[in-house]
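> Sequence:
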Amino acid sequence: MPMHVGVNNNLLGTMITTTFHTPEIEIHHVRLLLNPLASLAIHPKLSEFMFATSSDCCCSLNKNSSSPIYAVDDEAAGIRSEMLIIEGLTDNPCAHPRYADLCRRLNSIQSLIRFVPPELLSIIFQHACPFPYCVFAQNREESRLFHLVLRSVSNHWYGIVQSTPELWNYVSFSLRWATEKSCEQYLKLCLDNSGGLPLTIDLGRRPEPTGSPACALSPALENMIVRNSHRIRSLGLCYLPIQWVESVLPKMSQLSALDLRWWKWRDVDPNLSLQISSTNLHRLSIFGPSRRVGIELPARSSITHLTFNRIPIDVCMGFLIECQNLVEFHSISPYFPVQDTFPTITQLPLVHKCLIKFTWHLLDSSRLFRWTFFLLKHIHVPALENLTWLNMGNSDHFLNATSFFKRLPKSLKEINFTGMHGEVDNLTHTWLDHTRHDISLNLLRVDGCTESFLDKVFHILFRKPTNSDELILLFPQLTRCEILMRTEDERKQKMSSKIGEDLVQLLEERTGLIDNFVFWTSGYDLDWNKQIWLQLKKIHDSSLSLIIGESGNCVDISAKCNLP
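The sequence shown: position 427 = 669 (our numbering), numbered continuously.
Just the calculated beta-carbon pair ranges, DEER-fashion: (1) Ala-337 to Leu-805: 28 to 34 Å; (2) Ala-458 to Phe-704: 55 to 61 Å; (3) Gly-330 to Ala-462: 55 to 61 Å; (4) Ser-738 to His-671: 19 to 25 Å; (5) Lys-652 to Phe-704: 18 to 24 Å; (6) Val-580 to Asp-675: 31 to 37 Å; (7) Asp-316 to Gln-368: 29 to 35 Å; (8) Gln-368 to Gly-320: 31 to 37 Å; (9) Glu-712 to Phe-578: 44 to 50 Å; (10) Asp-767 to His-472: 53 to 59 Å; (11) Ala-801 to Gln-589: 56 to 62 Å; (12) Pro-540 to His-701: 48 to 54 Å.
In the BS3-like style, the derived pairs of lysine-lysine whose C-alpha atoms are separated by at most 25 Å in a straight line are: (13) Lys-734 to Lys-802; (14) Lys-736 to Lys-802; (15) Lys-430 to Lys-493; (16) Lys-652 to Lys-595; (17) Lys-655 to Lys-619; (18) Lys-780 to Lys-802; (19) Lys-740 to Lys-779; (20) Lys-648 to Lys-619; (21) Lys-772 to Lys-736; (22) Lys-772 to Lys-740; (23) Lys-779 to Lys-736.
Note that these hints are calculated values from the structure, not bench results. Just so you know, even glycine gets a beta-carbon here, dropped at the ideal spot from N, CA and C.
Start from the sequences and build out the full structure, keeping to the hints where you can.
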């Protein structure tokens, strides 16, 4: 693959511009690398590896030698001492003009005498590489070319990268017809250089705007994947033909994580029939849509993470019942059940002792209602820390299952409410009314709600008298509240002063109980009067570290107080 590399030395590092050329594709990749050797020279644990040259490495080194190496060593030590002083004076030393000059000097005086053993440099590359654990990681996009950029720096680095299999066992690319040949070459390069290590493969196409069916991989790509299927540990496939996916999964005996995604095309929902041979599958995520789903596993006890999106609710419920070691379970926009009979449950209540994250999506439908009602009535989650509650439509009748919220454990740290579009008043009951007041909640997130619902939430969070005339405070450890609003035309909503008044009362009641609070909004303009901002500044200046976000940006509270 023809390649051009441009290197531009910077005060704090090296700017590497790498261009890859093929007849089908041209990739420009720009990355600022802080000089890794200079950074390591400062690290006390690694400094012993840094000060040797090829001519001196066999000599007996001592501090009394008159070699220029030691003069440089002493000067470097003095520079590092000065850098440490600056680091102690500011949270952002890189912004200090003197600090940048010290970095430049340190790079300059040590560049000719530093030697890093290839074995150590290989370890450094592995730790610096942003490769994810599996296809479910959030940062997988930024890791695709990292090792290619590293090996383009010099011949020395090229050899080390080529001989480090751990840099090559993650393969990720998005297929397009114009890049198919390049993808074949890249996949072969990764397979050759990764040795026999387990593989993580993340690939797929994007849906065509015409809504045409998913397109097959090239024969060369298919053959390479099939030949190495026994090595694949983590697999992500997007918008690939279902028949091919169904044929290749049984060959993957070591599979531990699987993420499958499709989009609807030509108003046809495909049928899924997946046979998975691996006994070590821990993570399974399927993004439909599909009206009929069959998933065969040797054992479901190994599964710890499940995500179903647009999958029939009886399939979701069946997995929830049978996978007793779940740590995360997410059911989003479930479809009507294939069979209206409940799965057999040998023992009630349904207790998930390990479940930490739980997502359930409420839909207004008589065919879905009784499944949700059954779940809320019988499930127990004693270790739950994160609850996401999606409510689409007017699902007030689910309040009949308030026992679920009463059973929420004290360990709960985060609640996410989504789709609360109905208008409410102070007499309207919500699920928060039925939640125990002493849970360890520190984050409450509301996404896509009416202002009346938000006002209701604040009123629930205020101090309430009990039957014994004592005042109780719901969620005394709450330190963050996020309010999100998304509109199709991206216009911002105005948040009225009533919500600002609610926030002031909320913070005043919690003064002395918490040290900090974050009120973060996205998609909103805080249309609050000056008096509210003055009250918030008073709270902030007294004893509470207060951060307020407006449309995703941090607000200068003092500046708001100076507005007319």
